[in-house]
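> If you read the sequences in order, they're chains C, U, B and H.
The first sequence begins at 616 in my numbering and counts up one residue at a time.
The second sequence begins at 616 in my numbering and counts up one residue at a time.
The third sequence begins at 3 in my numbering and counts up one residue at a time.
The fourth sequence begins at 3 in my numbering and counts up one residue at a time.
No lab work stands behind these hints, which were simulated from the structure alone.
Among these hints, one or two may not hold up.
[As the list claims (entries may be wrong)] A few chain U positions that, by computed beta-carbon distances, are all more than 12 Å from chain C: (1) Asp629; (2) Leu734; (3) Asp737; (4) Gly739; (5) Gly761; (6) Leu785; (7) Leu865; (8) Arg896.
[Claimed, not checked] Stretches of chain U that chain B covers, calculated by requiring three or more beta carbons in the stretch to come under 8 Å of a beta carbon on chain B: (9) 684-693; (10) 856-864.
Bear in mind the structure is a predicted one, so any value in this text is a computation, not a measurement.
Note that CB positions come from ideal geometry on N, CA and C, so glycine has one too.
Residues per chain are reported as follows:
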Amino acid sequence: MKMLINVAETVVGDALRGMAAAHPELVVDAENRVIVRRDAPVAEKVALVSGGGSGHEPLHGGFVGPGMLDAACPGEVFTSPVPDQMVRAAAAVDSGSGVLFVVKNYTGDVLNFRMAVELAEDEGVQVASVLVDDDVAVTDSTFTAGRRGTGATLFVEKIAGAAAEEGMPLDRVAAVARQVVGSSRSFGVALSACSTPAKGGPTFELPSCELELGVGIHGEPGRERRAMMTSHEIADFAVDAILADLRPQLPVLVLVNGMGATPLLELYGFNAEVRRVLDERGVDVARTLVGNYVTSLDMAGCSVTLCQVDGELLRLWDAPVQTAALRWGR
Amino acid sequence: MKMLINVAETVVGDALRGMAAAHPELVVDAENRVIVRRDAPVAEKVALVSGGGSGHEPLHGGFVGPGMLDAACPGEVFTSPVPDQMVRAAAAVDSGSGVLFVVKNYTGDVLNFRMAVELAEDEGVQVASVLVDDDVAVTDSTFTAGRRGTGATLFVEKIAGAAAEEGMPLDRVAAVARQVVGSSRSFGVALSACSTPAKGGPTFELPSCELELGVGIHGEPGRERRAMMTSHEIADFAVDAILADLRPQLPVLVLVNGMGATPLLELYGFNAEVRRVLDERGVDVARTLVGNYVTSLDMAGCSVTLCQVDGELLRLWDAPVQTAALRWGR
Amino acid sequence: MNDMKESRAVPEAVLDAAFFVRWMAAAAAVIDREADRLTELDSPIGDADHGRNMQRGFAAVRKVLEAEPPATPGAVLVAAGRQLISSVGGASGPLYGTLLRRAGKTLGEAPEVSAAELRSGLSAGVDAVAQLGASAPGDKTMLDALVPAVAALETSFGAAAAAAEEGALATVPMQARKGRASYLGERSIGHQDPGATSSALLFAALAEVAG
Amino acid sequence: MNDMKESRAVPEAVLDAAFFVRWMAAAAAVIDREADRLTELDSPIGDADHGRNMQRGFAAVRKVLEAEPPATPGAVLVAAGRQLISSVGGASGPLYGTLLRRAGKTLGEAPEVSAAELRSGLSAGVDAVAQLGASAPGDKTMLDALVPAVAALETSFGAAAAAAEEGALATVPMQARKGRASYLGERSIGHQDPGATSSALLFAALAEVAG
Ligand SMILES: Nc1ncnc2c1ncn2[C@@H]1O[C@H](COP(=O)(O)OP(=O)(O)O)[C@@H](O)[C@H]1O
Ligand SMILES: Nc1ncnc2c1ncn2[C@@H]1O[C@H](COP(=O)(O)OP(=O)(O)O)[C@@H](O)[C@H]1O
Ligand SMILES: [Mg+2]
Ligand SMILES: [Mg+2]
Ligand SMILES: [Mg+2]
Ligand SMILES: [Mg+2]
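Take these sequences, add in the hints, and give me the full structure.
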């Protein structure tokens, strides 16, 4: 599998140097692997720190900036960052108002962030954590590591980021973040596996006539393999899987997210189908975001995330944001 | 080749319906295939219209909005739109201050836009056209259809869009656009072919140990096939190909553009190498943009575009823009 | 297509609007059948859309001609050409559109035309294509089929079809100097031009309805 | 690895800090050799990074132990564990880091320890892993190799290595209940757990340096 890289070993460091070159508004410490907004710590503001394995770009580094994250810690490809990064990030952004860790629910992320909480608190930083676990493809959660964190991470980081920007205290910001988690559900499909630099080839084999239903964002196979489906059928399947778990009473934010290699042309076409199903099921759409936001390297496929929002969450979603990957408002 | 579509025939129309659902700030006429900013025509403002084959998203539809295009006309995949679309778009956005057509240099685009100019002028719209031809991979231009228009299109649409937003008259806006074309050069490489819905499979075969140097954005093979190169070597090759043709005396805007399937992680790593070569060659970088902006469906690969800018062009680049794919400022 | 060489010479034929509608319908049919091959040819040296482009265009032509059949040969070709321009896009839309429109305009408003008149009309159309495309025979384009086909029309429809087919085959060793294939430089050599191939199909359809 | 079963029983052995440094170096070496296999195993039921993770971690361990060799067995393991936590990430970093750190802390500050003491230390470490991971044998994780290995350490280092290897193999028919593989549900059955496999390598390295 060809990649636009030098060697697998330096992929993450190289990307951070390239990010530093492109984004003077960020402080990118390529050696210690921490991306911090340049004006941090922001006085009187709760700071948001997230992180996770690399390979999901723009998540999380592309979401650092006013209105969203204060810092991000990228790990190796598909590998949780280490506690040292998180502690360093927390120290860099804490204004004294405390730090919220946004953690996607994977054993590695959970364990490393848990250690970081202890270490950061030892250093006198007040820390709260929120666990994102939105993927309805993972069932039987009491007997497993629980639901994965996927697309809802974007909603959590954006909305909690806006809450922090407004000056809410740590417990309120954490509560808003948890409300978003509780209101969000995702479902993903893969049309191809992805190739990690370390492996140098596809993480699994998928025949040209089949797709994987219920995949995560780390190149794992899904819960089920089926004969290839149309965009119409996939939208039905994904949305119904979500609605079976959470039937929104309020309007929803919709994220039609590309896994990395699916053309935007196809994602927009898929969004037409997602909107059709939601209309058919009587679910109101408040806002829609279409694009590659929570990716899986070069995987072809997509995920749908719905987040039901009250007036307050919608206001926070609409609030200004200025990051590399998400920008609006003033 | 699997795609997230229903049938090849409806791909463009489906995408436009999905775009309409996601972007209430645009008027998307899926039937007539015209995307118009909702507040058009903007009084006293020159209007910018562009268009081209679909499959390059977010180009052009993602660049419609304040500070950039007033309308875009998407053709079939990799096929120029028809004159009727352009005339309809021009009529929708002309405030009486005239319309600038931004045309990428491909026989189809050139011929269809040429016909549209005649028809629009018949309807009393004042029209100017600018031809974008930035791809240094195409040589011998007197014996060919000339250089292709690729990544520089983004610079032209952004900068001329800002000029129009400032209230410059049509001839000035056209002159600014032509200055950007004259100051811009691009070079692209493919690590894989792309698959068009109509063909249902890759447009060419590329062995797993080779890459194509000097590709366009329509899935054509490049000028030369070589053994796979590192990110370092590709950056050297691409930047040197550009500098051999245009040696900037002023700082440059850099676009490190993904062809569609190359992960952002790799694009940022590649940007680190591009910056290294530019530093080595003594070229100053004013601004850098990294991402999938002028794509080739699911092609893996990238292109580099440099645009040398004086203070005026840089000011116009930095001016606010509010489109689906490019946003900054207020 | 060899048997078309046997088609009788038709300098004496008188062609009415219905004949031209039949030609366009036959063209639409053969292009439908050969669309995948045209797209395949457009793949190594182009952007893999020529079959779909032609298919979309001639489907639109057939539809408009069926809905409102024009009264004269000239009007049929003008309507067909306009339809191609409005529905194809790409390089082939304006070029084929111009070919038919100019041919139709040259035929004027006569209710029937002779084969010789058709030949002059198409000849004017081909000149317009060369002018619009700034191209000439030898550039590895549709002109490499169109020009010999129109010349051979002097003999018979079958001869024209055969000449177009030969002209299309003759593009294989050429290096493209116009259109997308020109970007490939020397790598364009060894492939048959898709536009020359579709031109051959149009003349095959003409021979078929004449024949 | 079968010949390791022949390693002599070493309940009477006395192990100093240098022994533990050699163990870690041997572990780093075997993990280097087997990294691709570990990543391969992590591919069908995980995210294809376990080999690289372990390689990165033990390379860091080797480096720090070579630069500043700690004075006691306990200190070696604590330093190694901390290094894994600081350099691996993923699930395996905190888990293996905790295993070694807890084992090291249990060994205390003695300059030499007996095999029995090592066994209690590792046993405490394995308990800490189970607690941190909220996991138990049968969940298709590293515990399925670690738990039998520590039990067999009562007999010999070779027996421990063999038990770990067997434990790793025994994960094949299991359905994963923890870690990434659990997302696959029944589809996790039929694959060997990468973490159990790397645990077997650690015990193979231990038998090798004892041996
Ligand atoms: N300048 C030109 N003059 C004449 N014919 C041309 C010219 N450029 C392209 N063509 C013809 O058009 C054909 C390609 O048509 P098509 O694939 O439909 O359009 P596009 O190249 O825009 O994708 C070529 O095979 C060639 O025969
Ligand atoms: N909860 C857990 N308890 C014990 N071991 C676990 C647990 N979760 C995962 N593991 C082990 O970690 C291994 C995966 O490690 P690795 O691939 O390095 O991390 P990640 O899963 O984060 O990519 C699994 O094969 C399993 O043996
Ligand atoms: Mg991992
Ligand atoms: Mg085309
Ligand atoms: Mg074509
Ligand atoms: Mg793993």
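> None of the hints should be skipped; say for each whether it holds.
Against the structure, the hints come out as follows:
no., hint, verdict
1, Asp629, "violated (4 Å)"
2, Leu734, "holds (27 Å)"
3, Asp737, "holds (33 Å)"
4, Gly739, "holds (34 Å)"
5, Gly761, "holds (27 Å)"
6, Leu785, "holds (30 Å)"
7, Leu865, "holds (19 Å)"
8, Arg896, "holds (15 Å)"
9, 684-693, "holds (count 4)"
10, 856-864, "violated (count 0)"
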